[in-house]
Amino acid sequence: MRLRLAFILTTLLIVAAACTQPQDTQTQASPPPPGSGLQGEAESLTIYSGRGEDLVGPIFEKFQTETGITLNVKYGDTAELAALILEEGSNSPADLFFAQDAGGLGAIAKEDLFVDLPSDLLELVPEAFSANNGQWVGISGRSRVVVYNTKSVKEADLPASIDGFTDERWKGRVGWSPTNGSFQSFVTAYRKLKGDAAARDWLNAMKVNDTKVYEGNSPIVKAVGAGEIHVGLVNHYYLLNIRKDEPGITAANHFYSNGGPEALVNVAGTGILKSSRAQKTAGELIRFLLSSEGQEYFVQETSEYPLIEGVEPLPTLPALSELDSPDIDLSDLDDLEGTLELLRQAGLI
Amino acid sequence: MPLTESQSQQVLRLRGISKAFAGVPALRELDLEVGPREILSLIGPSGCGKTTTLRVIAGLEVPDGGSVEIAGRDCRLLPPERRSVGFVFQDYALFPHLTVAENVSFGLDGLHRSERKKRVAEVLDLVGLPEMSQRLPRELSGGQQQRVALARAIAPKPALLLLDEPFSNLDPQLRRQVRHEVLAIVRASGSAAVWVTHDHDEGLIVADRVVVMKEGRACQAGTPSEIWRSPQDAWVAGFIGHGDLLKGTVSNGRLVTSLGDVAANGIPEGAEATVLVRPEDVVIVEHGSPGTVVRRHFSGSDNIYCVQIDGTLLHCRQPSDVEIPRGTEIKVKLKSDALPVFS
Amino acid sequence: MIRAFGSGTGELAGVVLRPRTLGLLIRTAGLAVAVTAAAIVIAVPLAWFTTRSDLPWRRFWGVATALPLVIPSYVGGFAFVAALGPRGMLQAALSPLGVERLPEIYGFPGAWLVLTLFTYPYVLLTTRASILGLDSSLEEAALTLGKTRWEIFWRVLVPQLRPAVAAGGLLVALYTLHDFGAVSLLRFDSFTRAIYVSYRGSFDRTAAAILSLILITLSLLIVAAESRSRRRADYHRIHSGGGRRTLVIPLGAWRWAVFAGCTFLVLISLGIPVAVIGYWLVRGTTGANAIEPTLTAAFNTLRAAAAGTLLCLLAAWPVAALSVRHPSRMSRFIETSSFVGYALPGLVVALSLVFLTARWVPFLYQGLALLALAYGVLFLPQAVGAMRASLLQVSPQLEEAARTLGAGRAGTFFKVVLPLVRPGVLAGSALVFLTAMKELPATLLLSPPGFATLATRVWGATNDAFFARAAAPALVLIALSSVPLTFLVLKERSQEESGLARDGR
Numbered sequence: 003m004r005l006r007l008a009f010i011l012t013t014l015l016i017v018a019a020a021c022t023q024p025q026d027t028q029t030q031a032s033p034p035p036p037g038s039g040l041q042g043e044a045e046s047l048t049i050y051s052g053r054g055e056d057l058v059g060p061i062f063e064k065f066q067t068e069t070g071i072t073l074n075v076k077y078g079d080t081a082e083l084a085a086l087i088l089e090e091g092s093n094s095p096a097d098l099f100f101a102q103d104a105g106g107l108g109a110i111a112k113e114d115l116f117v118d119l120p121s122d123l124l125e126l127v128p129e130a131f132s133a134n135n136g137q138w139v140g141i142s143g144r145s146r147v148v149v150y151n152t153k154s155v156k157e158a159d160l161p162a163s164i165d166g167f168t169d170e171r172w173k174g175r176v177g178w179s180p181t182n183g184s185f186q187s188f189v190t191a192y193r194k195l196k197g198d199a200a201a202r203d204w205l206n207a208m209k210v211n212d213t214k215v216y217e218g219n220s221p222i223v224k225a226v227g228a229g230e231i232h233v234g235l236v237n238h239y240y241l242l243n244i245r246k247d248e249p250g251i252t253a254a255n256h257f258y259s260n261g262g263p264e265a266l267v268n269v270a271g272t273g274i275l276k277s278s279r280a281q282k283t284a285g286e287l288i289r290f291l292l293s294s295e296g297q298e299y300f301v302q303e304t305s306e307y308p309l310i311e312g313v314e315p316l317p318t319l320p321a322l323s324e325l326d327s328p329d330i331d332l333s334d335l336d337d338l339e340g341t342l343e344l345l346r347q348a349g350l351i
Numbered sequence: 022m023p024l025t026e027s028q029s030q031q032v033l034r035l036r037g038i039s040k041a042f043a044g045v046p047a048l049r050e051l052d053l054e055v056g057p058r059e060i061l062s063l064i065g066p067s068g069c070g071k072t073t074t075l076r077v078i079a080g081l082e083v084p085d086g087g088s089v090e091i092a093g094r095d096c097r098l099l100p101p102e103r104r105s106v107g108f109v110f111q112d113y114a115l116f117p118h119l120t121v122a123e124n125v126s127f128g129l130d131g132l133h134r135s136e137r138k139k140r141v142a143e144v145l146d147l148v149g150l151p152e153m154s155q156r157l158p159r160e161l162s163g164g165q166q167q168r169v170a171l172a173r174a175i176a177p178k179p180a181l182l183l184l185d186e187p188f189s190n191l192d193p194q195l196r197r198q199v200r201h202e203v204l205a206i207v208r209a210s211g212s213a214a215v216w217v218t219h220d221h222d223e224g225l226i227v228a229d230r231v232v233v234m235k236e237g238r239a240c241q242a243g244t245p246s247e248i249w250r251s252p253q254d255a256w257v258a259g260f261i262g263h264g265d266l267l268k269g270t271v272s273n274g275r276l277v278t279s280l281g282d283v284a285a286n287g288i289p290e291g292a293e294a295t296v297l298v299r300p301e302d303v304v305i306v307e308h309g310s311p312g313t314v315v316r317r318h319f320s321g322s323d324n325i326y327c328v329q330i331d332g333t334l335l336h337c338r339q340p341s342d343v344e345i346p347r348g349t350e351i352k353v354k355l356k357s358d359a360l361p362v363f364s
Numbered sequence: 173m174i175r176a177f178g179s180g181t182g183e184l185a186g187v188v189l190r191p192r193t194l195g196l197l198i199r200t201a202g203l204a205v206a207v208t209a210a211a212i213v214i215a216v217p218l219a220w221f222t223t224r225s226d227l228p229w230r231r232f233w234g235v236a237t238a239l240p241l242v243i244p245s246y247v248g249g250f251a252f253v254a255a256l257g258p259r260g261m262l263q264a265a266l267s268p269l270g271v272e273r274l275p276e277i278y279g280f281p282g283a284w285l286v287l288t289l290f291t292y293p294y295v296l297l298t299t300r301a302s303i304l305g306l307d308s309s310l311e312e313a314a315l316t317l318g319k320t321r322w323e324i325f326w327r328v329l330v331p332q333l334r335p336a337v338a339a340g341g342l343l344v345a346l347y348t349l350h351d352f353g354a355v356s357l358l359r360f361d362s363f364t365r366a367i368y369v370s371y372r373g374s375f376d377r378t379a380a381a382i383l384s385l386i387l388i389t390l391s392l393l394i395v396a397a398e399s400r401s402r403r404r405a406d407y408h409r410i411h412s413g414g415g416r417r418t419l420v421i422p423l424g425a426w427r428w429a430v431f432a433g434c435t436f437l438v439l440i441s442l443g444i445p446v447a448v449i450g451y452w453l454v455r456g457t458t459g460a461n462a463i464e465p466t467l468t469a470a471f472n473t474l475r476a477a478a479a480g481t482l483l484c485l486l487a488a489w490p491v492a493a494l495s496v497r498h499p500s501r502m503s504r505f506i507e508t509s510s511f512v513g514y515a516l517p518g519l520v521v522a523l524s525l526v527f528l529t530a531r532w533v534p535f536l537y538q539g540l541a542l543l544a545l546a547y548g549v550l551f552l553p554q555a556v557g558a559m560r561a562s563l564l565q566v567s568p569q570l571e572e573a574a575r576t577l578g579a580g581r582a583g584t585f586f587k588v589v590l591p592l593v594r595p596g597v598l599a600g601s602a603l604v605f606l607t608a609m610k611e612l613p614a615t616l617l618l619s620p621p622g623f624a625t626l627a628t629r630v631w632g633a634t635n636d637a638f639f640a641r642a643a644a645p646a647l648v649l650i651a652l653s654s655v656p657l658t659f660l661v662l663k664e665r666s667q668e669e670s671g672l673a674r675d676g677r
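Protein chains in written order, with my numbering: chain P, 3 to 351; chain Y, 22 to 364; chain B, 173 to 677.
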């Protein structure tokens, strides 16, 4: 009977756990280590990677072979992993968080769970591509583009700015992904640059213009390639990567270099967790990712922009300096609340 | 024999057992005793608490109050597996995944393998199913399942055997035949037994002693012939059946009825009272109360005639060769004046 | 929940009363009802055809029509979009015939179609089991009373099958509530999707918590409705003489029509996903060296699913035993609560577990044990359901008989109860095992770092649009999950055969 009771209690506890939502208060992280130096070394690192194994697995592999340090990587969705770290608080087993976009990094930085990175790491990349407070650093860059079907659209016919897609001419021909983090960062940039009212008007106008909703960037690019839609609002590298599988895809990227939100260059980046006991080792990994070897990898394998000097992007891409990314602090892109509210009001999420 | 205590000790002693289910009392202050090798039958209408009594004895229900003693041991807190009782369930409760032999040897864990085999063979012989040992329960007929259930219950040589309506799933023909076999087996096993049945005939036939239960109490206990001859009250008499209850009034120390008068057994003058008249107590005579034959039940050895007298129906037993056509006017009277009388 | 209430009633009201929330509620409930109804309409006749009729290849169809259950909805969703989407494979094939536009697959119709196709086997399995357990004498009695087969199906069989159909329907409805893969790929705006968006977009855990609460309420309503339909159906089958007789009913001219129907169903529900994955595999150029990681992932998948199944069984036993043997308000409450985990998105369950374990039992955290625990929470109802059904058929008298024969509680359990419920428990385990193998959201968050399973590999590859790399693990996943399912169906069949064998005596 006692045994049965114990079972019942356990079950109850599990059920209770399932219905209980975690509390809001985060357990206080341990105080920042003294000085700006990273503390602690280890033979292995635990990494939460919001970038897929197929994308970044090989470069981690390379690091392991070269240094003998074992990397235990947990792959997942950037935002889900960020939520995970927030739930774990100071108990997080992760040493390093490798995020798909600045928004995910900002969420962790906001809760003060990252250490301040040493300046020699921060200085490897242009100031615009790391956090203002030095808690995270960009690893690779990606530009917003408009992908278009080369059979149905001439590049010259594309509007001069993203606002042009609200025109009747583009009705039902454009695809976007309102739930996607990159798109939301773009909307945040739009708000920062042109104000909330303008952003709301644009979203509504696009919606009225029958812009098609997709779940993620790849489906948009595929849909453009298939002619299902003619234009898609995405990041630049999706087309390049899909082309590896489908060399014949009839689509091309159009880069806006007009200083507007549609020309935003965002980064995938990384930060070291305060709770880590191997911060110094984690710093080594960041340094490796920002070495010319690491940067070359991102150029070749993920078609992204390198962020350090001396490594060039793919020749088919315009240079980073030509892109005229809007003058905006990437750390500000973590202000998603307002963006989501707008998207909600527009009935898009 | 499992009875290590002196033979004079009662095998079962229940004292003041009470049990309620969700506030509804099922047993009220029940006392019950069973002596060595005695077969006690518990009879009563459905819902009177017979089965609950059995389950309390077996330890399958925990009584709210009172004491249970089996073979001299206080069993109130003992789990069923340590009470040395054998239980024959109404639906037999044979383990469907085990063969007959495995079912029978289920309770013989304490024995050595060879002894266990011997005992299984012995018991299956006793119930007359030695060739069925490798069958599965569902491959047996109802009567065979019933005997396996019995074999399984007696195999561990329990101090007390409990039978819960053991024949309720058998057809009447089979029931009569199996009843005698089972009775013989129980006698041969040497265990004392409590036999629950709602069939009063069966209860009277099988038992050394009978307890009639009503609403959670034992309302009468005695030998079968005592119960038959002198039911304690009209209710018991009615339950035992095979008799008509005749109303009358006491006058001069005699209970006067439409069929004549009988001894009033101390019932006060002028009171209304009832007499139990069994079919064999009614005889057909030249001079007596007039009545009309309305029905005949032929049962082979007897004819029971249903006679209408002054608007009441009375049964009268006659040999099977006495045939009286329906509608015949006859005269009847009571054979004896010492019949059970209730106030 | 704490978070939801901690947020203050103002915000609570704000989220709950948002017109969008109401719209979500209606849409989600509508989808659950539509999917469940469609699943029943497909599964009940199919269950009958594959057990009682003279359908050609009846045994084969029994397995094949149950197999769509092994297709994870995120794979199925992808496949359907690729195949039936605008400018998908079907359109491409039809375009020479001048077909320019296919009916819209996105939104409600697509989500409805995909979820129905991949969940109807739940109803099929419970209904089949129930049909095989029925005594044909009732049908024979109806036949002698001059009823047609059709009337018998509706008036004799269907009422008897109602509890089984309701149990299967419950799983379908709750699955629909918690599924994320299909609704997101087919762009149907459901509650689960809103919860994910809430977490993903804004780390807005309060709003997500409130939405989860509403989802819990919705699921409890569904569970309550199901248990109402079941209340009078509990019985202990008495094992007495005589075996079951299975009445085979000739379909006559309809035989081949039904055969064609089965073929069509299996072709779209199983054929399309497998064909699309096969196409990825053949077409891809980047999937060549994926064999070894796929094997490791397969091994990990099996390990995690096995651990989860075991835990699930341990937790399910007391729930089932309590509800069957000691029915009370309390046991009903516990049983009902056990369904909550199943109705919640894996992400919500996973984060709750993270919250609890990271704080209070850190040694469990990020180990395989935690993942197993999550599977336990998520799939408890499937195990409880199977155990409950088999326990109902074990008369409590058998346990009492064992007790009076000197077996203790433990002895009774191991020697009597366990052997008798084993088939049911095995069936439940197979179902849990299979579902755990497919599970994605909790696996992603809770598996230890460096622990890749087939599901996470498929997700990772499709997420980055490396469809060819997703193909191998997806095929292995489908193949591996087919094993327990086939076992499940074949086990059923052997029961049926032993029933026939008894009759032959």
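Note that these hints are calculated values from the structure, not bench results.
Incorrect hints may have been included.
[Stated by the list, open to error] Derived BS3-like pairs: lysine-lysine, alpha-carbon spacing no greater than 25 Å straight-line: (1) Y:Lys139 to Y:Lys268; (2) P:Lys173 to P:Lys209; (3) P:Lys214 to P:Lys156; (4) B:Lys663 to Y:Lys138; (5) P:Lys173 to P:Lys156; (6) Y:Lys178 to B:Lys663; (7) P:Lys156 to P:Lys112; (8) B:Lys587 to Y:Lys139; (9) P:Lys153 to P:Lys246.
Next on the checklist: Under the constraints set out in the numbered hints, which ones does this structure not fulfil?
Outcome noted: As far as the earlier hints go, 1, 4, 6 and 7 are violated by this structure, in ascending order.
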